[in-house]
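Residue numbers (this note's numbering), protein chains in the order written: chain S, 877 to 1379; chain A, 1290 to 1793; chain F, 5 to 106.
There may be inaccurate statements among the hints.
[As the list claims (entries may be wrong)] Capping the alpha-carbon separation at 20 Å, the derived lysine to aspartate or glutamate pairs in DMTMM-like fashion look like this: (1) A:K1787 / A:E1449; (2) S:K1147 / F:E79; (3) A:K1395 / F:D61; (4) S:K1222 / S:E1205; (5) S:K906 / F:D99; (6) S:K906 / F:E78.
What the hints contain is simulated information worked out from the structure, not anything from laboratory work. All of these numbers come straight from a predicted model, not from anything done at the bench.
For reference, the chains in residue letters:
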Amino acid sequence: MTDRNDYEVVVGIEVHVELATESKVFCGCKTAFGAAPNTQVCPVCLGMPGALPVLNRRALEYTIRAGLALNCSIAGWTKFDRKNYFYPDLAKGYQVSQYDIPIAHDGYIDIEVDGQPKRIRVRRVHLEEETAKLVHAGDDIISANQSLLDFNRSGIGLIEIVSDADMRSADEARAYLTKLRSILVAIGVSDCKMEEGSMRCEANVSVMPRDSKEFGTLVELKNIASFRAVHRAIQYESTRQIDLVRSGGRVSRETRHWDDVRGETAFMRSKEQAADYRYFPEPDLMPLEIAPEWVEEIRGGLPELPDARAARYVSEFGLPASDAALIAESRELASFFEGVCDALAKAGAGAGVGAGAVDRAEGAREAAKWLVGDVSAALKASGIELSQSKLAPGQLAELIGLVASGKISGRIAKSVFEEVFASGKRPGDVVRERGLVQISDAGELAAIVQRVIEANPGPVADYFAGKEKALTFLVGQIMKETRGRANPQETNRILREELAKRA
Amino acid sequence: MSGNADATLCDMTLHELHDMLLSGQVSSREITSDVLARIDEVEASVGAYVTRDRETALKGADAADEVIARARRDRDTGAIGALVGIPVVLKDNVCTRGMRTTCCSKMLEDFIPTYDAAVTARLREAGAVIVGKGNMDEFAMGSTTQTSVFHVTRNPWDLERVPGGSSGGCAAAVAAGEAVASIGTDTGGSIRQPASFCGVVGLKPTYGRVSRYGVVAFASSLDTVGPITRDVRDCAIMLKAIAGRDGRDSTSAPDAVPDYSSCVERGVQGLRIGIPEQFFGPGMTDGVRTAVERALRALEDAGADIVEVSLPLAEHALAVYYLVATAEASSNMARLDGIRYGYRPEGRGGMDVADLMSASRGQGFGMEVKRRIMLGTFVLSSGNFDAFYGRALRSRRLLAEDVRRALTECDCLVSPTAPTVAFRFDEEPDDPLAMYLQDIYTTLANLAGVPAISVPCGLADGMPVGLQIMGRMFDEATLIRAGRAVELTSGMDAARPKVGGCAK
Amino acid sequence: MSLSREETARLAELARLSLNDEELARIAHDLTEIIDYMEKLAGIDRAHVRPMSHVLDTVNAYRDDCAEPSLSQEEALANAPDRQGQFFRVPRIIDAGEAGEA
Chain S
877 MTDRNDYEVV
887 VGIEVHVELA
897 TESKVFCGCK
907 TAFGAAPNTQ
917 VCPVCLGMPG
927 ALPVLNRRAL
937 EYTIRAGLAL
947 NCSIAGWTKF
957 DRKNYFYPDL
967 AKGYQVSQYD
977 IPIAHDGYID
987 IEVDGQPKRI
997 RVRRVHLEEE
1007 TAKLVHAGDD
1017 IISANQSLLD
1027 FNRSGIGLIE
1037 IVSDADMRSA
1047 DEARAYLTKL
1057 RSILVAIGVS
1067 DCKMEEGSMR
1077 CEANVSVMPR
1087 DSKEFGTLVE
1097 LKNIASFRAV
1107 HRAIQYESTR
1117 QIDLVRSGGR
1127 VSRETRHWDD
1137 VRGETAFMRS
1147 KEQAADYRYF
1157 PEPDLMPLEI
1167 APEWVEEIRG
1177 GLPELPDARA
1187 ARYVSEFGLP
1197 ASDAALIAES
1207 RELASFFEGV
1217 CDALAKAGAG
1227 AGVGAGAVDR
1237 AEGAREAAKW
1247 LVGDVSAALK
1257 ASGIELSQSK
1267 LAPGQLAELI
1277 GLVASGKISG
1287 RIAKSVFEEV
1297 FASGKRPGDV
1307 VRERGLVQIS
1317 DAGELAAIVQ
1327 RVIEANPGPV
1337 ADYFAGKEKA
1347 LTFLVGQIMK
1357 ETRGRANPQE
1367 TNRILREELA
1377 KRA
Chain A
1290 MSGNADATLC
1300 DMTLHELHDM
1310 LLSGQVSSRE
1320 ITSDVLARID
1330 EVEASVGAYV
1340 TRDRETALKG
1350 ADAADEVIAR
1360 ARRDRDTGAI
1370 GALVGIPVVL
1380 KDNVCTRGMR
1390 TTCCSKMLED
1400 FIPTYDAAVT
1410 ARLREAGAVI
1420 VGKGNMDEFA
1430 MGSTTQTSVF
1440 HVTRNPWDLE
1450 RVPGGSSGGC
1460 AAAVAAGEAV
1470 ASIGTDTGGS
1480 IRQPASFCGV
1490 VGLKPTYGRV
1500 SRYGVVAFAS
1510 SLDTVGPITR
1520 DVRDCAIMLK
1530 AIAGRDGRDS
1540 TSAPDAVPDY
1550 SSCVERGVQG
1560 LRIGIPEQFF
1570 GPGMTDGVRT
1580 AVERALRALE
1590 DAGADIVEVS
1600 LPLAEHALAV
1610 YYLVATAEAS
1620 SNMARLDGIR
1630 YGYRPEGRGG
1640 MDVADLMSAS
1650 RGQGFGMEVK
1660 RRIMLGTFVL
1670 SSGNFDAFYG
1680 RALRSRRLLA
1690 EDVRRALTEC
1700 DCLVSPTAPT
1710 VAFRFDEEPD
1720 DPLAMYLQDI
1730 YTTLANLAGV
1740 PAISVPCGLA
1750 DGMPVGLQIM
1760 GRMFDEATLI
1770 RAGRAVELTS
1780 GMDAARPKVG
1790 GCAK
Chain F
5 MSLSREETAR
15 LAELARLSLN
25 DEELARIAHD
35 LTEIIDYMEK
45 LAGIDRAHVR
55 PMSHVLDTVN
65 AYRDDCAEPS
75 LSQEEALANA
85 PDRQGQFFRV
95 PRIIDAGEAG
105 EA
């Protein structure tokens, strides 16, 4: 009897991303989210008789940009094709898309899972148009006895990105999506908000015996509305398929619907008969000749991408790779991080925060630690984005300076941070107001240490009996007395000295 | 109205009327009223119109009169465009804002566009008076105007005969004085053939010369929009008004628009007229052959050289046309699903949306339209694609190159527009040779994208005969020159049908 | 080669056309003729010839990314066979469609 581990899952991901252009891909209607229904429409995106499409040049540019950011080759000549099918949300009864000559092809994304790097190939990136929005009366499409249509979304530019079936786990799939999203946001082609529908994904899942050369039957998963759902859906489906195969069953070629509430996939329709889209070249749009000079111009205009930025953080600042990757992935975090580094550098250059300059690389590493640790935790707890918080790069720099100069201890800094995050006050002010300046003076500390030793004969005796834990207790008592302000290193040193005197 | 009491305004040419408007001899209101009166007289017999708007037409005429009066006062009549105050009819597949546009189909019976087609806007801007919409074969699929869901149009020259199609209503209206000029569409001959049958001038422009925006699509890579007029000069004027690049049509050509009117009287001295041998075989009636040969002699007398050419691939024109046109049409018709506009059947309770769409389309479309949609779907469906559609597109290139090559050996290609005159309603010709010739005469120009004009060149058994002149891409000027030369000796530009005995 | 009634019915489904038996029979017959046309072209068809989907050589017909005025909501819904307030209304949808949304 085989084991589940004798099988591996094979995953390919298809992503649709709405382009952040001013106007739609084939007409001049606005693309802004949230307008009153059917107010951003015209004869073209409504599929009225006689209406004709005209290509938005920026949509083409964004597609090329995305292709380049995903390391693809860009087609020198390309065209649009009609994908013919009937559905109420499809105004013309066909979608203008690209069939056999996508604008970009044969690229890749590098991901890392559990420290293991892997390259996921991107087969193609093409440009097409969005459908209208269907609103169903009732809970879902099946039970509703009528549906309502809003064509504001119809005709918005859409990039479709298709990966090769290179992923071998739900983790890899999630890593791929995370990296893909950060790249697309970094280059500014879309805001990629799954909750608003500007990014959608489908997973193609199959299983096969480990080390087999032949892929199993593919099942298409739809209705995946978040990265977490991708992970759960793939895990569920791979288990379902593996168990089916192990028990002698056969996986059917089908489309399944992910139910996030129940945590399971359900049969939607069979794919035994492929849909007949009757693709043919779109006669209403002229072909495209994409000049190499234009491609190079677009390539030159690409911002620093997450991978390159992370590599720079590692080489320039010596950041640990995982911190670098995390910060580089988010434009917001990266910008904040660099802001902190700049502030630290300025403080070093002039008189200002903290006493003395903080070493550049050391400061960067500290900044990274804070961002990856306390800052991220605080944001998660309060459910807000970094840009929405009261925290400014200068404040974090100040905090780092205070610790580096010994003014406050690391532990105190954490508490100061909490208040800074909540109130937006400057760290220096918080320290002053709460009288948190660290006690580092040997004389002052010695007096306190002696008091504590005298007040705790028991623990002192334990210490001499060889119990190191007693030392920790005594340190704790000193911290209690000083409300955490005692410099930990100095306290430790002086305590040992004093105890040694009494040995 | 001063001047010749015998000449009825509605039978005059556009350019004659324009001169009379400028000189103050006549007003647009008088012209328009005369056209409306003619419509009242003959429409019951001819049936050229689908929708008419008397009030709006007269308002338009009055507005034109104000413009003209102002210009005359300011001694600036040169600023008055040729179309100001001229009553025109548009084929009912050309969208007119606020006016029903039905394509003569139940599917769009109540459709009122909230936008104008590009050509409609240009005509309005040019000051034309839109009288109404012309009858047509449903969705332009046909060649007799009999598939219109509303009524049949009758040939003004003989009410027992067809006017041709699919722009039959427009051609009949111009012939019968029910409009001074009109705009039709031509996908496989739908301007030229009815123009030929009704004894008027019809021009299919170069593909991309005139914007298709707002013209309901039949076959996107074949559809063209063009004028149907009384004479060649009128045709040149109308073409100038509607030609030119339109940013809303990606297939619209950026090429400059020449001053076609200045080409009219250039003559044909030294022009090489190509006679394709494949177009002059059996299948043509004697009457047609006689009229066409006479016209060719007249062209020679005027200084043209007749050159024999060959179009060896012409015999395949119909096959290629059928495959391409039905395939594109099947896709273009898909937006007519009864969801955002269009027909919805009664008693549809309980139907799901897919069934509702099928019912709307099944009941909203006539048999010919359904047939072509099915054929087109078949041509494009998987398994057939390369053998059918791929083959058609490759063959199309071969045919187009054949035509363009022939047009390097001569300046234009000439043939009859149709192998017969208009036939009787109950006698659709079943002579396969005649049907075959009809198909290849006109479809080649659409397949190659080249322009072609039909000019009346004589009568046969009292019915008009049309001569077709095909030219190079964007060389409508040559068609106009040659067309005028034919017209000069044919006497057809002054000929008007007796519609039920009421015209001259 | 000719088309069976079942195949013709499947095409009608693909084309969202409800046809009665007589119509189906007539069209099945007509489809056979189309196949003949196709076969006739075999004589001239050459694989190396570039398919002609456009008669003009224009390329790169674009527009700038500028917002243009849209139709008003009333204009957009003016010809709607069935509407509910600001929306077009359609009856029950059985097939969950391309997006597979709930």
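Outcome of the hint check:
no.: 1; hint: A:K1787 / A:E1449; result: holds, 13 Å
no.: 2; hint: S:K1147 / F:E79; result: violated, 40 Å
no.: 3; hint: A:K1395 / F:D61; result: violated, 37 Å
no.: 4; hint: S:K1222 / S:E1205; result: violated, 26 Å
no.: 5; hint: S:K906 / F:D99; result: violated, 30 Å
no.: 6; hint: S:K906 / F:E78; result: holds, 17 Å
Going through the hint list in order, the structure does not satisfy hints 2, 3, 4, 5.
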